[in-house]
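Enquirer: So the chains spell out like this:
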Amino acid sequence: MSEPTNPARSGQEFEQDLNRSDARVAEFEVQNHTLLDRIQHLLHNNPTLVPVIVLVLSLVAFGLIAGGKFFSAFNLSLILQQVSIIGILAAAQSLIIITAGIDLSVAAIMVLMSVVMGNLAVFAGVPSGFAILVGLAGGVGAGLMNGWLITRVKLPPFITTLGTWSIFYALLLWLSGAQSIRGQDIDTEAPFLKFFGASFDVGGARITLSSILMIVVFVVLWYMLNKTAWGRHVYAIGDDKEAADLSGIRTDRTLLSVYGLSGFICALAGWASIGRVGSISPQSFYEGNLDSITAVVIGGISLFGGRGSIMGALFGALIVGVFRSGLRLSGVDVLWQVFAIGWLIIIAVAIDQWIRRVSA
Amino acid sequence: MTQTATPVVQARGIVKRYGHVTAIDHSDFELRAGEVLAVIGDNGAGKSSIVKAICGATVPDQGEILIEGKPVRFTSPIEARDMGIEIVYQNLALSPALSIADNMFTGREIRKEGWMGKYLRMLDKPAMEKFARDKLTELGLMTVQSIKQPVETLSGGQRQGVAVARAAAFATKFIIMDEPTAALGVKESRKVLELIQDVRARGIPIILISHNMPHVFEVADRIHIHRLGKRLCTIDPKDYTMSDAVAFMTGAKEPPAQDAA
Ligand SMILES: Nc1ncnc2c1ncn2[C@@H]1O[C@H](COP(=O)(O)OP(=O)(O)OP(=O)(O)O)[C@@H](O)[C@H]1O
Ligand SMILES: [Mg+2]
Chain A
1 MSEPTNPARS GQEFEQDLNR SDARVAEFEV QNHTLLDRIQ HLLHNNPTLV
51 PVIVLVLSLV AFGLIAGGKF FSAFNLSLIL QQVSIIGILA AAQSLIIITA
101 GIDLSVAAIM VLMSVVMGNL AVFAGVPSGF AILVGLAGGV GAGLMNGWLI
151 TRVKLPPFIT TLGTWSIFYA LLLWLSGAQS IRGQDIDTEA PFLKFFGASF
201 DVGGARITLS SILMIVVFVV LWYMLNKTAW GRHVYAIGDD KEAADLSGIR
251 TDRTLLSVYG LSGFICALAG WASIGRVGSI SPQSFYEGNL DSITAVVIGG
301 ISLFGGRGSI MGALFGALIV GVFRSGLRLS GVDVLWQVFA IGWLIIIAVA
351 IDQWIRRVSA
Chain B
361 MTQTATPVVQ ARGIVKRYGH VTAIDHSDFE LRAGEVLAVI GDNGAGKSSI
411 VKAICGATVP DQGEILIEGK PVRFTSPIEA RDMGIEIVYQ NLALSPALSI
461 ADNMFTGREI RKEGWMGKYL RMLDKPAMEK FARDKLTELG LMTVQSIKQP
511 VETLSGGQRQ GVAVARAAAF ATKFIIMDEP TAALGVKESR KVLELIQDVR
561 ARGIPIILIS HNMPHVFEVA DRIHIHRLGK RLCTIDPKDY TMSDAVAFMT
611 GAKEPPAQDA A
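Keeping their order, the protein sequence lines are chains A and B. Residue 339 in this note's numbering sits at position 339 of the first sequence, with consecutive numbering throughout. Offset between the second sequence (1-based) and this note's numbering: plus 360.
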């Protein structure tokens, strides 16, 4: 440390006592007095805790209400299977929402690419593997188109994807002639398209490959988001894009990669959906966009960006599945399932707002 | 101070307009090797604007910038950073939800050695955390509970400390600090002033924007006085008093006839 020689230039008078001052660094007292404060801090540090608790509680509750029918290995694996497609879409949606964006076109990309795969493999006689590759590449292209409009033309994500949702939907109606491709035709012409519909039994559970795909997608994305520089950048952009720019992140390039990857995952969901549904229907998953957002929000990922773990979206999708299954097995009318999901969304957003108000 | 050496930064006739507002109005700027150059001026004089133009955060409308004699035209702060130029922004430019360690390494993360880093691109978090902890300790700013703590849970002064530590740790050419002590306590300000002197001792020049005259007069080798979007004059703090400097800055007194200083 260079000791200033000239006393006139050695700082202000009141600083002269600094050397004698207490050299200890400030010791932080944990000042979270109330239980509520502590919970708020805990949730702030672990945003996935809420969906995990809700999932466990709802499993227990429906287990008690609906009994063994609900809690059987078979029913639980069925729930996993039922949420797999929306779950994969929710993974794609999470990526976008973490960057403080939103993608209304995810389900349209998914169905469009399943139609592309089906048309090529079933009607054009293209080998299934190649048809699938084209579909996956198409998904990347559709995602990049969203990303390009958002980063280069600088349009807001909501409006951009509202537009591309219509565009992709019109394209898929045109390509499919508004007709479904029947399951039998797929079985005879291109059975590989139904790959993710295959299942195997363990214990009393029936595990479908689409469920495994969903889990793999989440684990891979979790790794990318938490263990790589790319993932840290995705969070930083969602947090404060300008700060991210200034601190040396190529924000537009990263955003473009996020949209491209998200489109790829949607196309993957499109392939898996063929096995899951058994046919290719242009009318399927019309509400998939909103269902994916529901799963993300219930999973505690902030719509304002930069906060929440991708695993939350998996739990969010599972919570929706558990509620549907549990209420159905308890003999409750479908309309109350919709009613319950609505409240879950509102409560999840309210909790997110509350957590964000955490005092520094 | 070697007067003959090429200046580290030489800017001429810089202009930057935001709509009707002219933030920089044909301003010159010069930073010499090994010096601490203080930049003072009223609020809105354009101090932040001119340093942002120098480090690539904004692209000036007119004018030329030479770094060590070579003309540059940065279009992004990344380009300046690749040359070893670091800046502590007035608004800090940190990502609130990310940890201290993540923030210190944004855009220059360290990957694990071996295949995990090469193929799986896995970050070496322990190494980054150790580095961040060491740098903050050097600054006497390890008053934080954990290096993994998100920046938004830090106090304003602690955040400023993180931004200063980040710049000091990585700069090799020069550092710009835009009001680095504005939110700091007496003790922490002193640490930053000591750090500035350390960095100068390492031969790295510093541009220090500050409203705190005692601090400016303590560490600066020269003072650049900015007024109404341009450099009014530069003075040697040994030749003038603080009240002179304030008088020039506010327009209460005519600046000295500009010599080579
Ligand atoms: N991004 C921007 N958009 C519009 N106007 C801007 C922008 N940045 C700066 N300005 C304007 O440029 C002028 C100079 O601003 P600048 O931030 O450089 O001042 P400053 O000297 O750093 O002031 P302070 O001491 O308050 O930090 C101000 O009139 C400001 O309103
Ligand atoms: Mg400023």
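Each hint should be verified, as a subset may be incorrect.
Stated by the list, open to error - Calculated lysine-lysine pairs in the DSS-like style (CA-CA distance at most 27 Å, straight line):
1) A:Lys-227 with B:Lys-490
2) A:Lys-241 with B:Lys-508
3) B:Lys-551 with A:Lys-241
4) A:Lys-227 with B:Lys-478
5) B:Lys-508 with B:Lys-485
6) B:Lys-485 with B:Lys-430
Said to hold, decoys possible - One side only, chain B facing chain A, incomplete, derived with CB under 8 Å:
7) Ala-417
8) Thr-466
9) Glu-469
10) Lys-478
11) Val-559
12) Gly-563
These are computed hints drawn from the structure, not numbers from a lab. Ideal placement from N, C-alpha and C gives every residue a C-beta, glycine not left out.
Enquirer: Among the hints numbered above, which are violated by the structure, and what are their numbers in rising order?
Expert: 3, 6, 10, 11 and 12
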